[in-house]
Every structure is written in structure tokens, then in C-alpha cells.
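Residue strings, one per chain:
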Amino acid sequence: MTDNVFGGDVEHRLRRASDRVRAAAGDAQARDWVAERPDRVGFARLAQAEFEINQAAGRFGAGLPPHWLRTIAGTFVGAAVSLTILLAARDAASLPALLVAIGVGPVVAQVLVAMIGRRNRRATTGPPVIDDPYFYGDLTRRLEACAAAARVDRSEKHRAAADDIGRALVWLPAARRED
Amino acid sequence: MPGRQLYQDLAAVRALVADGRDRLRDATGDLDQFALNSARHRLLEVDDCLIMAASGLGGWSRVAAGTPAMLLAAAATALVTRALGFPVFWVVACSWIVAVLVEHPVRKWTMTRLGPWLGRRRLARAAVTVEPSSPRDLAGLPDALADARTRLVSAILRAAGSRHWQPAYLAHAVAGSPTFTRLAAADTMLCQAIDHIEQYLAAETKEQP
Numbered sequence: 001m002t003d004n005v006f007g008g009d010v011e012h013r014l015r016r017a018s019d020r021v022r023a024a025a026g027d028a029q030a031r032d033w034v035a036e037r038p039d040r041v042g043f044a045r046l047a048q049a050e051f052e053i054n055q056a057a058g059r060f061g062a063g064l065p066p067h068w069l070r071t072i073a074g075t076f077v078g079a080a081v082s083l084t085i086l087l088a089a090r091d092a093a094s095l096p097a098l099l100v101a102i103g104v105g106p107v108v109a110q111v112l113v114a115m116i117g118r119r120n121r122r123a124t125t126g127p128p129v130i131d132d133p134y135f136y137g138d139l140t141r142r143l144e145a146c147a148a149a150a151r152v153d154r155s156e157k158h159r160a161a162a163d164d165i166g167r168a169l170v171w172l173p174a175a176r177r178e179d
Numbered sequence: 001m002p003g004r005q006l007y008q009d010l011a012a013v014r015a016l017v018a019d020g021r022d023r024l025r026d027a028t029g030d031l032d033q034f035a036l037n038s039a040r041h042r043l044l045e046v047d048d049c050l051i052m053a054a055s056g057l058g059g060w061s062r063v064a065a066g067t068p069a070m071l072l073a074a075a076a077t078a079l080v081t082r083a084l085g086f087p088v089f090w091v092v093a094c095s096w097i098v099a100v101l102v103e104h105p106v107r108k109w110t111m112t113r114l115g116p117w118l119g120r121r122r123l124a125r126a127a128v129t130v131e132p133s134s135p136r137d138l139a140g141l142p143d144a145l146a147d148a149r150t151r152l153v154s155a156i157l158r159a160a161g162s163r164h165w166q167p168a169y170l171a172h173a174v175a176g177s178p179t180f181t182r183l184a185a186a187d188t189m190l191c192q193a194i195d196h197i198e199q200y201l202a203a204e205t206k207e208q209p
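Protein chains in written order, with the working numbering: chain A, 1 to 179; chain B, 1 to 209.
So here's chain B without its partners, still in its complex pose:
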């Protein structure tokens, strides 16, 4: 996967989405309305999905983080139990059990702490300045977010490579690869946010003839 290009694209999408969030806040304030609340929530989730997608952590990184921790724990336990004079079976069993017990939190920490940190850092490094389109009213917001979405989809397609532009392959990649799963989730959230804002606007125009 061409890393740098993907991070730049995602950073641009993130900036556009953040701008859309600001616009939504400027236009509606804290107006408590179902569609608007949903849209706000979705736009926040898009951000999280993009950060985790940029972290690129998957099964291999989990193994890479978990295995050294496991080995350290096993070595320490083996040394201690042997010094205490345990029989061979118990040395092996204790090392194994301690290794597994240590590995699990390390794995979890990798995904919940290291992942967001890494993603944020990468996106911040690749940050580009995007000029949001001019009209800053609510009516123009769906189009602005749709621009961000177009950018996201081209980033996804570029990451997949032009050889793989078939629906079957892409659907499979979304189901299998962690990065694509998160990118697809971000895309879905963004589309839902656009849909909610459009529904809100449609309801507004209906109320004010």
C-alpha cells in the first residue's frame, strides 16, 4: 500500500470533515434535533475511523507487539521457576501461562493506545492545507461533505490499486483487511452524515413554504 499518498489523502479528508463539523456548529449551534445529533455523532466517528485506518495496525502488528512481550515474560518466569527448583513440566507450564497472560494486555494496548497515537502522528505529518469551498451556510454543507467523500473514495481506490477495481475484490478487501474495514466504515459514516443533513434540510424547507 502506498503509505505516504494514503496519509496525505486521509489528512485532507480529515481536514474537510473537521471543517464540515465547524460549519455545522456555526449554522445550528447546539440545536437538539435527531438528524443533526446523528450527523454530529457520525462526523466525529469518521475522524476516529480515519485515525485508526492511518495507523495501519492489523494482525501482524499485534503479533509483532505481543510476541516479544510473551518471550520476555516466559524467559523471566522460566529463570525464576528454575531457580526455585521446579520440575521441568511446571517450568514449561508456568512460563507458558505467564506468557499468555502478559501477551493479552500488550496486544490490547497496541490496538487501543498505540494505534490512535500512531495514526494521529502520521496524519499530522502528512497534513496538507485544503481550501474549503466558499459558501459557509448549511445548505452548502452536504456538497462540501460529498467533496470530502469523493476524496476518500479516490484514496481507497488508489490504495486498492487499479488492478483490483472490481466490486467483488473490494468487498472482500473490506471484510478481510483492517485498513480497508476502517476506511469503509469512515465512508459509511460520512455518507450517513450527509444523508442526515439532507434529511434535516428537506424537513426544514417543507416547514417553511
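Pulled out of the complex, with its shape left as it was, chain A reads as follows:
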């Protein structure tokens, strides 16, 4: 994470902010489930802020689908497996070889994807991010920079993103307040 709040284009800055808010909200939600930090309001409001930030980012571009890296890697692996089987087969145009090659590709890719998904599990947790005052300070600063950039944009669609960010900036401090 760079220290320059004006670095990069607005869409990616917003998406990074959205990822951070989602991580904080998910963490707070899981802590609420196990009653480590019971608070059903905070994470819901963070999720509202995340929704608004995503709306704003969506005005700049469609963005990548979720798990895009996994999808592309899976497709690539599946195609590679199919190709290998076809090259190894004696008669590539025979129906069994063709069907095995085409059928095994996606299955192998899915096995790999499932293994990757199971592996990267972070066991450690620090203090909850939702209680971190610097999280709000830093995020507010970055979002305000994004709103300022969006407000002077030439495109009307992009200028509308400033309103979304404004709503996100209302939800964000509301998540922190303890009722």
C-alpha cells in the first residue's frame, strides 16, 4: 500500500479501499459469530460503506469478476491438461481420446482450484480492524481524495461517484460508534 493517496487511477484506489473494508467487515462479522466481539451493527454498517464504494468504483469500470485469478488459472490448467492428453494419445481424432482429454481438463482444474482455496488459511488474528482508529483515518483520507478527483471529472457518470463516496463516508464513521 503506497502512502500517496493520489497515486493510481480512481477506480483501483476505490477497489483497494473496498477490499480493505470488506476484510474488516468480514473479520468483525466472524468475531461477532463466535461472540468474541459481539456487535451486530458495526459490521453491517461497514458492509454498507463497502457497497457504496463498490457502486462508486462501478461507475468507472466493470472491474474484474471475483476470483478472476483463480478462474483464469483454472481455464489455463484445464486447457493445458487437455492438450497434453491429446499430444500423448496415439490417435488424437479417435473419439475416446478426444472425450477423455476434454473431460479431464475441467475436473483437474477444479481439483487444483479447490486445493488452492483450502491451502491459504491465515490462522493468526490480531486485534479487530474495526476498532482501529487509524483504519478509519487512513480510509477517510483516501476516499476523500477519490471523491475530490471524481468531482472534477469531465464525465457526468464519474462525477456521480462522488455522491456514492459521500454516502460511504457517512456509513464509515457510523460503524465505529458504540451504541
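Simulated from the structure, these hints should not be mistaken for laboratory data.
Keep in mind the model is a prediction, meaning the values are calculated, not measured.
One thing to keep in mind: the hints can contain errors.
[Unchecked claim] Restraint ranges, calculated between C-beta atoms of paired labels, are given here:
1) A:D19 <-> B:R4: 35 to 43 Å
2) B:T150 <-> A:T125: 22 to 30 Å
3) B:Q5 <-> A:V111: 25 to 33 Å
4) A:L87 <-> B:S154: 49 to 57 Å
5) A:G137 <-> B:D137: 37 to 45 Å
6) A:T125 <-> B:A139: 19 to 27 Å
7) B:S154 <-> A:G126: 20 to 28 Å
8) A:P96 <-> B:L157: 42 to 50 Å
9) B:S154 <-> A:L112: 29 to 37 Å
10) A:G63 <-> B:G29: 46 to 54 Å
11) A:T125 <-> B:A93: 34 to 42 Å
[To be verified] Calculated from the model, a selection of chain A residues having no Cβ within reach of chain B, i.e. all distances over 12 Å:
12) A62
13) L98
14) S155
[What the hints assert, rightly or not] Short derived list, chain B residues pointing at chain A, Cβ under 10 Å:
15) T67
16) P68
17) V91
18) A144
19) A146
20) Y169
21) A173
22) A175
23) D187
Virtual Cβ for every residue (Gly too), placed ideally from N, Cα, C.
With chain A fixed as given, assemble chain B onto it according to the hints.
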């Protein structure tokens, strides 16, 4: 994941949420107000999330639906192209391309049509009768929805298994497993709905001293 138990819990939550929606309609009618509109919208979305969570469709089901379709398309194309006397390379290439083109809509159909249908059916089968708490006014609604939420959270924890009751594991499961992603989304929507109704009630009491 213990299927039957989860479906029963989710069906109960769904019934409670539907009851909450009815109460909200009875108490406020079509009153056009930001917090109420948001709450109505969220309660509807909770229903969709629960249905999709009950369908239990994820990566494996997509592969299970997509691969047979792919194989059928590839076999048909291979037979046709070979009958037309294409060279080996073009037989393989055409079969592959057609297979991929057929697989994509089948995958999509699985998630957008089959998923809701399956979820609805499972929840309808596991339906249980829940008796909603007595006072049917708006002031009691947040508590009633909070009851539904408690039920949802216990269903989630039961589905995760008591070995995994650590925030790090649960957060990871939410990010990785489709069922948990949807359950967490349902929980978030429900909490947002409760929050909106509470905000509306707080604003109302402030206006009428």
C-alpha cells in the same frame, strides 16, 4: 456439512424473515421513507441469499453440470466433422471450441436457474412451523428479526462445526466456500435491515416527544 439440519434452520429463518416483512407492511404500508425502503429491500435480499445458500451449488456442481454437456457437444462435433472428412487437427479444434461454447451457458444456467429451484425445493421440504413472538407492532420488529438472526448464526456455527469456531477460520470459510459466502451475506443483510428499522424508530420517537 449436515444438510438436513441446515435446511431446517434456514427454513425457520426464512419463515421468520417473511413474517417480519409482513409485519413491516402491516405497520407502515407503502410509506415511502429511506430507512424503511432499505429495510424492505434488505429483507427481500435475505430471502434470495438463503435460497441460494440452501442450493449448495459451488465449483464442483458447476463442473458436474458443465463437463457432461461439454462431452456431448464434443462427441457430436467430432462425429460430424469426421464424417465431413476434416483433417485431425480441425476435428480436435472444432470439438474443443464447440465444447467450450456449449459449456458456458450450461454452467450459467446451473447457477441462475437450477440453483434457486433446488434451494426453494429443499427449504420447502424442510419447512417447519415457527411461532412468531406476540406483539405485532413496529417497535417489536427489531427484536423479532434479531431472533431470526440468532437462529441464522447458530445455523452457521453448526454448519461450520465446533472445531472451527475461530474468527480466522470462519472469515476464511466465508471468503472461500460459496455456501458460507451466501450465509454471511444473508446475515449482513438481516443486520442491515434491523439497523435501518431501529434508525427509523429512533427518528420517529425523536419527532414525537
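How the hints compare with the structure:
Checked against the given bound of 35 to 43 Å, the beta carbons of A:D19 and B:R4, roughly 36 Å apart, stay inside it. Roughly 24 Å separates the CB atoms of B:T150 and A:T125, a value that falls within the hinted 22 to 30 Å. Between B:Q5 and A:V111 the beta carbons are some 28 Å apart, a value that agrees with the proposed interval 25 to 33 Å. A beta carbon spacing of about 53 Å between A:L87 and B:S154 agrees with the range 49 to 57 Å that was offered as a hint.
For A:G137 and B:D137, the hinted distance range of 37 to 45 Å is satisfied, since their beta carbons lie about 41 Å from each other. At about 37 Å, the beta-carbon gap between A:T125 and B:A139 misses the expected band of 19 to 27 Å. In this structure, B:S154 and A:G126 meet the distance hint of 20 to 28 Å, their C-beta atoms being roughly 27 Å apart. Taking 42 to 50 Å as the suggested C-beta distance range, the pair A:P96 and B:L157 conforms, at roughly 48 Å.
Judged by the Cβ atoms, the range 29 to 37 Å given for B:S154 and A:L112 holds: they are separated by roughly 34 Å. For the hinted restraint 46 to 54 Å between A:G63 and B:G29, the CB-CB distance of approximately 39 Å leaves it violated. Between A:T125 and B:A93 the beta carbon distance is about 50 Å. The supplied range of 34 to 42 Å is therefore violated. No beta-carbon of chain B comes within 12 Å of the beta-carbon of A:A62; the shortest separation is about 17 Å.
For A:L98, the non-interface assignment is contradicted: its Cβ lies about 5 Å from the closest Cβ of chain B, within the 12 Å cut-off. At the 12 Å boundary, the C-beta of A:S155 stays outside the reach of chain B, the nearest C-beta of that chain being 27 Å off. The beta carbon of B:T67 comes within 5 Å of a beta carbon in chain A, closer than 10 Å, and the hint placing it at the interface holds. Given the 10 Å rule on beta carbons, the hint for B:P68 holds: about 8 Å separates it from the nearest Cβ of chain A.
Annotation: B:V91 was flagged as interfacial toward chain A, and the flag holds, the nearest CB pair being 5 Å apart, inside 10 Å. The interface hint given for B:A144 is violated, since its Cβ lies 14 Å from the closest Cβ of chain A, which is over the 10 Å cut-off. The closest approach between the C-beta of B:A146 and any C-beta of chain A is roughly 8 Å, which is under the 10 Å cut-off, so the hint is satisfied. With a cut of 10 Å, the hint placing B:Y169 at the interface with chain A holds, because the nearest CB-to-CB distance is about 7 Å.
Nearest Cβ of chain A to the Cβ of B:A173: about 9 Å, under the 10 Å cut. The hint holds. The beta carbon of B:A175 is positioned within 10 Å of a beta carbon in chain A (closest approach about 7 Å), and the interface hint is therefore held. A distance limit of 10 Å between C-beta atoms decides the matter here; for B:D187 the minimum to chain A is near 7 Å, and the interface restraint holds.
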